[in-house]
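Asker: Sequence:
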Amino acid sequence: MKFFRPFFITLFAASLSVAQAHAQTIWPTAKANQWYAKQPWLVGANYIPAYAINQLEMWQAETFDAKAIDKELGWAAAIGMNTMRVFLHDLLYQQDPQGFLKRMDEFLAICKKHNIRPVIVFFDSVWDPSPKLGKQRDPKPGVHNSGWVQSPGAVALSDTTQYVRLEKYIKDVVRRFSNDNRIIAWDVWNEPDNDNGSNYEKTELKNKVTYVIPLLKKVFNWARSQAPQQPLTSGIWRGNWSSPDSLTPIQKVQVEYSDIISYHNYDNAVELEKRTKWLQQYNRPLFCTEYMSRGNGSWFEGSLPVFKQYKVAAINWGLVNGKSQTIYPWNSWEKPYTAEPELWFHDVFRQDGMPYRQLEVDLIKTLTGKKAAAMYAAPINKTSTSTGKTTFTNPLFTTGPDPWVMRKGGWYYYSRTTSKNVTIWRTKKMSDLPNAVSKVVYAPPAGTMYSKQLWAPEIHYLDGKWYLYFAADDGVNKHHRMYVAENGASDPFSGKFIFKGQLKDATNKWAIDGSLFEHRGKRYFIWSGWEGDENGAQNIYIARMKNPWTLEGERVLLSQPEKSWETQGDILDWKTSDNPPHVNVNEGPIALKNPKGDLFLIYSASGCWTDDYSLGYLRLKKGGDPIEAKD
Numbered sequence: 001m002k003f004f005r006p007f008f009i010t011l012f013a014a015s016l017s018v019a020q021a022h023a024q025t026i027w028p029t030a031k032a033n034q035w036y037a038k039q040p041w042l043v044g045a046n047y048i049p050a051y052a053i054n055q056l057e058m059w060q061a062e063t064f065d066a067k068a069i070d071k072e073l074g075w076a077a078a079i080g081m082n083t084m085r086v087f088l089h090d091l092l093y094q095q096d097p098q099g100f101l102k103r104m105d106e107f108l109a110i111c112k113k114h115n116i117r118p119v120i121v122f123f124d125s126v127w128d129p130s131p132k133l134g135k136q137r138d139p140k141p142g143v144h145n146s147g148w149v150q151s152p153g154a155v156a157l158s159d160t161t162q163y164v165r166l167e168k169y170i171k172d173v174v175r176r177f178s179n180d181n182r183i184i185a186w187d188v189w190n191e192p193d194n195d196n197g198s199n200y201e202k203t204e205l206k207n208k209v210t211y212v213i214p215l216l217k218k219v220f221n222w223a224r225s226q227a228p229q230q231p232l233t234s235g236i237w238r239g240n241w242s243s244p245d246s247l248t249p250i251q252k253v254q255v256e257y258s259d260i261i262s263y264h265n266y267d268n269a270v271e272l273e274k275r276t277k278w279l280q281q282y283n284r285p286l287f288c289t290e291y292m293s294r295g296n297g298s299w300f301e302g303s304l305p306v307f308k309q310y311k312v313a314a315i316n317w318g319l320v321n322g323k324s325q326t327i328y329p330w331n332s333w334e335k336p337y338t339a340e341p342e343l344w345f346h347d348v349f350r351q352d353g354m355p356y357r358q359l360e361v362d363l364i365k366t367l368t369g370k371k372a373a374a375m376y377a378a379p380i381n382k383t384s385t386s387t388g389k390t391t392f393t394n395p396l397f398t399t400g401p402d403p404w405v406m407r408k409g410g411w412y413y414y415s416r417t418t419s420k421n422v423t424i425w426r427t428k429k430m431s432d433l434p435n436a437v438s439k440v441v442y443a444p445p446a447g448t449m450y451s452k453q454l455w456a457p458e459i460h461y462l463d464g465k466w467y468l469y470f471a472a473d474d475g476v477n478k479h480h481r482m483y484v485a486e487n488g489a490s491d492p493f494s495g496k497f498i499f500k501g502q503l504k505d506a507t508n509k510w511a512i513d514g515s516l517f518e519h520r521g522k523r524y525f526i527w528s529g530w531e532g533d534e535n536g537a538q539n540i541y542i543a544r545m546k547n548p549w550t551l552e553g554e555r556v557l558l559s560q561p562e563k564s565w566e567t568q569g570d571i572l573d574w575k576t577s578d579n580p581p582h583v584n585v586n587e588g589p590i591a592l593k594n595p596k597g598d599l600f601l602i603y604s605a606s607g608c609w610t611d612d613y614s615l616g617y618l619r620l621k622k623g624g625d626p627i628e629a630k631d
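Numbering (our numbering), first residue to last: 1 to 631.
If you are wondering where the hints come from, they were derived from the structure by calculation, not from laboratory data. Note that CB positions come from ideal geometry on N, CA and C, so glycine has one too. Please note that the accuracy of each hint is not assured.
Now the in silico label distances, taken between C-beta atoms and shown as ranges [unchecked claim]: (1) ARG137 x LYS496: 45 to 53 Å; (2) TRP565 x ASP463: 37 to 45 Å; (3) TRP278 x SER614: 36 to 44 Å.
Pairs of lysine to aspartate or glutamate, EDC-like flavour, derived with a Cα cap of 16 Å [claimed, not checked]: (4) LYS102 x ASP159; (5) LYS168 x ASP96; (6) LYS496 x GLU340; (7) LYS112 x GLU167; (8) LYS311 x GLU273; (9) LYS113 x GLU62; (10) LYS67 x ASP96; (11) LYS563 x ASP533; (12) LYS509 x ASP491; (13) LYS439 x ASP491; (14) LYS465 x ASP432; (15) LYS365 x GLU301; (16) LYS71 x GLU518; (17) LYS504 x ASP533; (18) LYS522 x ASP463; (19) LYS168 x ASP180; (20) LYS218 x GLU167; (21) LYS428 x GLU486; (22) LYS132 x ASP180; (23) LYS546 x ASP491; (24) LYS323 x ASP352; (25) LYS478 x GLU518; (26) LYS428 x ASP491; (27) LYS522 x ASP491; (28) LYS496 x GLU486; (29) LYS593 x GLU552; (30) LYS218 x GLU256; (31) LYS206 x GLU271; (32) LYS323 x GLU340; (33) LYS439 x GLU340; (34) LYS593 x GLU518; (35) LYS478 x GLU531; (36) LYS509 x GLU486; (37) LYS522 x GLU628.
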């Protein structure tokens, strides 16, 4: 036994070192490309919940909010996103290893529910170098990402005795999820050579890169020692990448140690494509893990087609506008904003789930193959009777029920049904409407008779104030009525719209699609309504206006659906809904005047869910009174 023991130990040690070397081997290009060929085109966002100012607030037990995450990731999935990039923090593991891993598992379960496979980020060298556990500070008003923290912080990065706990953190997390298909990749360090300019000049670690380079190599090796089935990466983000010789020392580590090549680009589509081609020389899958800064010329419209052409995973910065405040540009650190910027820098959704720019989510849906969801909750089930043939594509929006446009001060103000709130778009040119800035100018409180199904909003400027007119109910269609909100500011994107109340006549019957017009110095309100309390026919009514929020006198019936082209309204699923088997429809009345002063009333006829949806018009006779039906 004395003779064989050293031999056995030698063999065992040799096989152990071989196993360790194998575990720490960078994926061959063939393996990386074979793995990537099995993945769908990955499209997503860098994700921080709206409730969190940074990684710590997202993950700490006191603030972790699974319901909020579930809601927001649902919005992402609905437009075709299938990945997210999510940041961890070493202090979270140090504070509560098992609790932190449990919350990670809960987060991944939510991701799986929405068919989202995230990229997990361990370390980050961007923004505040002095992270602290506990309650996080409030955002600085009007400042981009004012509370984001580095991991590890400057103290831990410069103290090599803390590397033992950092090693345990990396290894334990990777070991726990090394074979977990819910994770698509590990991003070991975000922008490791970012010195943050003057933003944290007093507290940033001097000669930071000299500490980062050796630790970056260790982090790759620590993660790789756990033999994860997911690839490792760290993204390059600035400088000249045209050849390996042009890379900085830290970029060479990032590229040479990565299984997949990741990069950031906030430039226009031409520059993006150039840099993407530069990186193809490595013959590895490409992940763009940060892009889209509108004010910098990086738009979804320019970038996403490039990514799809070259099958680059596309992960923009920001999903939901929240406490990170990345709707503000980088230079807001020097000049904080006092109001929401007209042009958002990052982010896709508002906190109520409405997109900042509908064009962008429509584009994402189109390029990812996600079927567009219906945005219009009609008063009855819109069962299609069409042939399914597409004959026309709207060049402005793929969806936009009940559109309204008015012009004032050189601006066009556009609105349409969103069902949740009143959103206004503003543009100098109607042809540029897809790029228009939008804002939710009124959102009703919950639990009222006007909290749901907001339809056909119109904005008007009357007597030196802005007014919104919209139909709404409490979730029950037969309760639909017309309502008014008022804003005294000169700009409808500033100030606040205050609810004025219901706009009603004495009968107080079902009412939608309200609009107003002036004729010979008097104001009139027109709408689509029921004669009684039961659905079956929608008529056009008119009443005089005492002021912008009050009708006077009785309503007058102007039009009711009688012609064959007004009475096509069979409802196929009426037995399983609250609708009658058939409805005759006149709705959506709008007053128009020609240059001669002739007054016309244009309206829609028959069911909007049928192929027989039509337009009709009435003409006021010369010298006639709009309130007189006979005229």
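Asker: Decide, hint by hint, whether the structure agrees.
Answerer: Hint check results:
1. The hinted window of 45 to 53 Å between ARG137 and LYS496 is violated, with their beta carbons roughly 27 Å apart.
2. TRP565 and ASP463 have their C-beta atoms about 39 Å apart, which keeps the hinted 37 to 45 Å range intact.
3. For TRP278 paired with SER614, a C-beta distance near 56 Å fails the hint of 36 to 44 Å.
4. Proposed proximity of LYS102 and ASP159 is contradicted: the alpha carbons are some 29 Å apart, above 16 Å.
5. For the suggested pair LYS168 and ASP96, the alpha carbons sit about 13 Å apart, so the restraint of at most 16 Å is met.
6. For a cut-off of 16 Å, the pair hint linking LYS496 to GLU340 stands: about 13 Å separates their Cα positions.
7. Our distance criterion of 16 Å between C-alpha atoms is broken by LYS112 and GLU167, whose separation comes to about 28 Å.
8. Under the criterion of a C-alpha separation no larger than 16 Å, the hint pairing LYS311 with GLU273 is consistent with the structure, at around 12 Å.
9. Annotation: proposed proximity of LYS113 to GLU62 is violated, straight-line Cα distance about 24 Å (limit 16 Å).
10. For a cut-off of 16 Å, the pair hint linking LYS67 to ASP96 is broken: about 22 Å separates their Cα positions.
11. Taken as a hint, the LYS563 and ASP533 pair is broken in the structure, with Cα atoms around 23 Å apart against an allowance of 16 Å.
12. Taking the CA atoms of LYS509 and ASP491, the gap is about 33 Å. The hint is violated against a cut of 16 Å.
13. Restraint check for LYS439 and ASP491: the C-alpha separation of about 12 Å stays at or below 16 Å, so the hint holds.
14. Proposed proximity of LYS465 and ASP432 is contradicted: the alpha carbons are some 26 Å apart, above 16 Å.
15. The suggested pairing of LYS365 with GLU301 holds, with an alpha-carbon distance near 12 Å, which does not exceed 16 Å.
16. For the hint pairing LYS71 with GLU518, the CA-to-CA distance comes to about 44 Å; that exceeds 16 Å, so the pair is violated.
17. A hinted pair counts as satisfied when its Cα atoms are at most 16 Å apart, and LYS504 with ASP533 qualifies at roughly 15 Å.
18. The suggested pairing of LYS522 with ASP463 holds, with an alpha-carbon distance near 13 Å, which does not exceed 16 Å.
19. Our distance criterion of 16 Å between C-alpha atoms is broken by LYS168 and ASP180, whose separation comes to about 19 Å.
20. Proposed proximity of LYS218 and GLU167 is supported: the alpha carbons are some 8 Å apart, at most 16 Å.
21. For the proposed pair LYS428 and GLU486, the alpha carbon gap of about 24 Å is over 16 Å, so the pair is violated.
22. The hinted pair formed by LYS132 and ASP180 fails the criterion: a straight-line CA distance of about 30 Å is larger than 16 Å.
23. The suggested pairing of LYS546 with ASP491 is violated, with an alpha-carbon distance near 25 Å, which exceeds 16 Å.
24. With a CA separation close to 14 Å, the supplied pair LYS323 and ASP352 stays within the 16 Å bound.
25. The suggested pairing of LYS478 with GLU518 is violated, with an alpha-carbon distance near 29 Å, which exceeds 16 Å.
26. Note on LYS428 and ASP491: the hinted pairing holds, with a Cα-Cα distance of about 15 Å set against a maximum of 16 Å.
27. At most 16 Å may separate the alpha-carbon atoms for a hinted pair to count; LYS522 and ASP491 exceed this at roughly 25 Å.
28. For the given pair, LYS496 sits about 8 Å from GLU486 by alpha-carbon distance, which is consistent with the 16 Å threshold.
29. Taking the CA atoms of LYS593 and GLU552, the gap is about 24 Å. The hint is violated against a cut of 16 Å.
30. Between LYS218 and GLU256 the CA atoms are separated by roughly 13 Å; this keeps the pair inside 16 Å, and the hint holds.
31. For a cut-off of 16 Å, the pair hint linking LYS206 to GLU271 is broken: about 32 Å separates their Cα positions.
32. With a C-alpha separation of about 13 Å, the suggested pairing of LYS323 with GLU340 holds against the 16 Å cut-off.
33. As the CA atoms of LYS439 and GLU340 are separated by approximately 9 Å, the hinted pair is consistent with the 16 Å bound.
34. Restraint check: the Cα-Cα separation between LYS593 and GLU518 comes to about 10 Å, which is no more than 16 Å; the hinted pair holds.
35. A hinted pair counts as satisfied when its Cα atoms are at most 16 Å apart, and LYS478 with GLU531 qualifies at roughly 12 Å.
36. The hinted pair formed by LYS509 and GLU486 fails the criterion: a straight-line CA distance of about 23 Å is larger than 16 Å.
37. Distance hint between LYS522 and GLU628 is fulfilled; the C-alpha atoms sit about 14 Å from each other, no more than 16 Å.
Checked against the numbered hints above, the structure violates hints 1, 3, 4, 7, 9, 10, 11, 12, 14, 16, 19, 21, 22, 23, 25, 27, 29, 31, 36; every other hint is satisfied.
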